[in-house]
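Given the sequences, and given the hints that come with them, work out the whole structure.
Chains as they are written, first to last, in the working numbering: chain A, 1 to 284; chain B, 1 to 284.
Hints are computed from structural coordinates only; laboratory data are not their basis. Don't take each hint at face value.
Below, computed lysine-lysine pairings styled on DSBU-like, alpha-carbon distance capped at 35 Å [what the hints assert, rightly or not]:
hint: 1; chain 1: A; residue 1: K101; chain 2: B; residue 2: K273
hint: 2; chain 1: A; residue 1: K102; chain 2: A; residue 2: K50
hint: 3; chain 1: A; residue 1: K101; chain 2: A; residue 2: K273
hint: 4; chain 1: A; residue 1: K257; chain 2: A; residue 2: K273
hint: 5; chain 1: B; residue 1: K273; chain 2: B; residue 2: K101
hint: 6; chain 1: B; residue 1: K273; chain 2: B; residue 2: K50
hint: 7; chain 1: A; residue 1: K102; chain 2: B; residue 2: K257
hint: 8; chain 1: A; residue 1: K257; chain 2: A; residue 2: K50
hint: 9; chain 1: B; residue 1: K50; chain 2: B; residue 2: K102
hint: 10; chain 1: B; residue 1: K50; chain 2: B; residue 2: K101
hint: 11; chain 1: A; residue 1: K102; chain 2: B; residue 2: K102
hint: 12; chain 1: A; residue 1: K101; chain 2: B; residue 2: K50
Chain B is faced by these chain A residues, among others (derived, beta-carbon under 8 Å) [unchecked claim]:
hint: 13; residue: A118
hint: 14; residue: Y120
hint: 15; residue: I135
hint: 16; residue: V142
Glycine included, every Cβ here is placed at the ideal spot set by N, Cα and C.
Number of protein chains: 2
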Amino acid sequence: MVSSSIDPTRPVTMADVETAMIDLLTRDDSVMAQAARHHLGSGGGRARAKLALQSAHALNLSFATTRAISGACELLHNASLVHDDLQDGDTVRRGATAVWKKFGSNTAICLGDLMVSAAYAAIASAPVDHLTEMIVHMHQRVSDVIGGQHADLESDCTTIADYNDVARMKSGPLLGLPVELCLIAANRQADVSAAMTASDAIAIAYQTTDDISDAERDIAAGGLNFLALVPGEMASRAHAARQHAADFARSAIAIAKNLPDGSGNGLVALAGKFVPVLEIEEAA
Amino acid sequence: MVSSSIDPTRPVTMADVETAMIDLLTRDDSVMAQAARHHLGSGGGRARAKLALQSAHALNLSFATTRAISGACELLHNASLVHDDLQDGDTVRRGATAVWKKFGSNTAICLGDLMVSAAYAAIASAPVDHLTEMIVHMHQRVSDVIGGQHADLESDCTTIADYNDVARMKSGPLLGLPVELCLIAANRQADVSAAMTASDAIAIAYQTTDDISDAERDIAAGGLNFLALVPGEMASRAHAARQHAADFARSAIAIAKNLPDGSGNGLVALAGKFVPVLEIEEAA
Chain A
1 MVSSSIDPTR PVTMADVETA MIDLLTRDDS VMAQAARHHL GSGGGRARAK
51 LALQSAHALN LSFATTRAIS GACELLHNAS LVHDDLQDGD TVRRGATAVW
101 KKFGSNTAIC LGDLMVSAAY AAIASAPVDH LTEMIVHMHQ RVSDVIGGQH
151 ADLESDCTTI ADYNDVARMK SGPLLGLPVE LCLIAANRQA DVSAAMTASD
201 AIAIAYQTTD DISDAERDIA AGGLNFLALV PGEMASRAHA ARQHAADFAR
251 SAIAIAKNLP DGSGNGLVAL AGKFVPVLEI EEAA
Chain B
1 MVSSSIDPTR PVTMADVETA MIDLLTRDDS VMAQAARHHL GSGGGRARAK
51 LALQSAHALN LSFATTRAIS GACELLHNAS LVHDDLQDGD TVRRGATAVW
101 KKFGSNTAIC LGDLMVSAAY AAIASAPVDH LTEMIVHMHQ RVSDVIGGQH
151 ADLESDCTTI ADYNDVARMK SGPLLGLPVE LCLIAANRQA DVSAAMTASD
201 AIAIAYQTTD DISDAERDIA AGGLNFLALV PGEMASRAHA ARQHAADFAR
251 SAIAIAKNLP DGSGNGLVAL AGKFVPVLEI EEAA
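See below:
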């Protein structure tokens, strides 16, 4: 993955991360490679790669380690999207046709598998002392997120506590992983559990907020949605969801801002998105 | 993965490998854990773990490294079985109900993903100098096998050369990987390509032989089968398949027996299974 033309003193850019991901997925012009290019080419916020770039910069990690962590986390996230779309029957992803819809279910299964494998090849390119620990932690968070996706698909949550568990497991692991891997690479293992707690809280804030727009559809389909678990008119349920999200977001901010050397500032910014809505609403 | 009660001077047993795999897949009594136990509990020859144990012993690798390589290769193989059964619609595996049929497609997708991830956590537990190289090689072989599975599903091979390519890619990578990882761990990188060539040849011998029993069904369904590519009566096509298999098996034996310190003896024994059939036939 390391090109000799790269100046290792310049910061890693998102273009470096994209190149690293594509290099690990496309060795030819096969249908698999086309599917990989279609999926990654459809955009996406690359929130996890950005979190890794921010934390790695704060912790002064090397070019190769920064790129390795960013690429690995984004590959895992995109693997989960390719397989989740197939599992959920979602036909559109980021405005483009979902991989399974465009290339078939078999290609979607194969591409997701390849992306999981590529994530580990990416992380293995990090020239660090703690590689084994990073990989073991990565598998732990992958297990969490797969458990969350499975629980979401099979779920019959009836309490907010159960809902929080599924939301936390479904989105928390891959939001926290970029920061957690940077902390391990920087030999700050003692701070990993705080990053996990913060990202789990952001996941709940994110999922609860996301549920507001999907409420009518989810409730009609009997799917998991925060608004299905609270009483009242839809407007007051949406208000409760925003309040729930803001509570967890504030808790995430309180934890993430204490991560070493500002390495949680990306998480703080992410959590901040779920606070102002309520502050504005309460001020009105 | 390392238990303090293990005597690291005794040889790794298959029970050690089973425990390592289960530990990486089951953290609770969830449906996912049940599915993992169901699949691994249904048996299987564990041919790849056995190849790793043989090569690792020949190359004098440590207990932890031997267990890591055996577990990683067997996890990748079982991931491929769980996803292949879903893709091919096969309802029975080793006499038991296939995971997707018993637990649903969503669970099968999630379990296969978890097994790929667990394979990398397993290999990361190898206390060796060449871990990055081993992981990068593992991803290369996983890419090969996913490409092979995809080509098999989408295939319209019309020549024996194309057939050989698909057969080689579909089964060769995970047959060779146990030996190849042992060679890298033992700092015998120069011998890896010979192990790859030998395992690719065994894969062709295996697939061609396997095609004989599936010929009627595959040909009726328009599926990929060696016997569909040769002319004549079914009996003479089967003879041609046995000859094709034996040619590749002999070539595999010639290469594998020259691997260092007898590290290819497991491959030699495996290839040997595809030779006697023809020798007996010719002697008759």
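Structure-based check of each hint:
no. : hint            : result
1   : A:K101 - B:K273 : 42 Å, violated
2   : A:K102 - A:K50  : 28 Å, holds
3   : A:K101 - A:K273 : 32 Å, holds
4   : A:K257 - A:K273 : 15 Å, holds
5   : B:K273 - B:K101 : 32 Å, holds
6   : B:K273 - B:K50  : 15 Å, holds
7   : A:K102 - B:K257 : 46 Å, violated
8   : A:K257 - A:K50  : 17 Å, holds
9   : B:K50 - B:K102  : 28 Å, holds
10  : B:K50 - B:K101  : 29 Å, holds
11  : A:K102 - B:K102 : 28 Å, holds
12  : A:K101 - B:K50  : 40 Å, violated
13  : A118            : 6 Å, holds
14  : Y120            : 4 Å, holds
15  : I135            : 4 Å, holds
16  : V142            : 4 Å, holds
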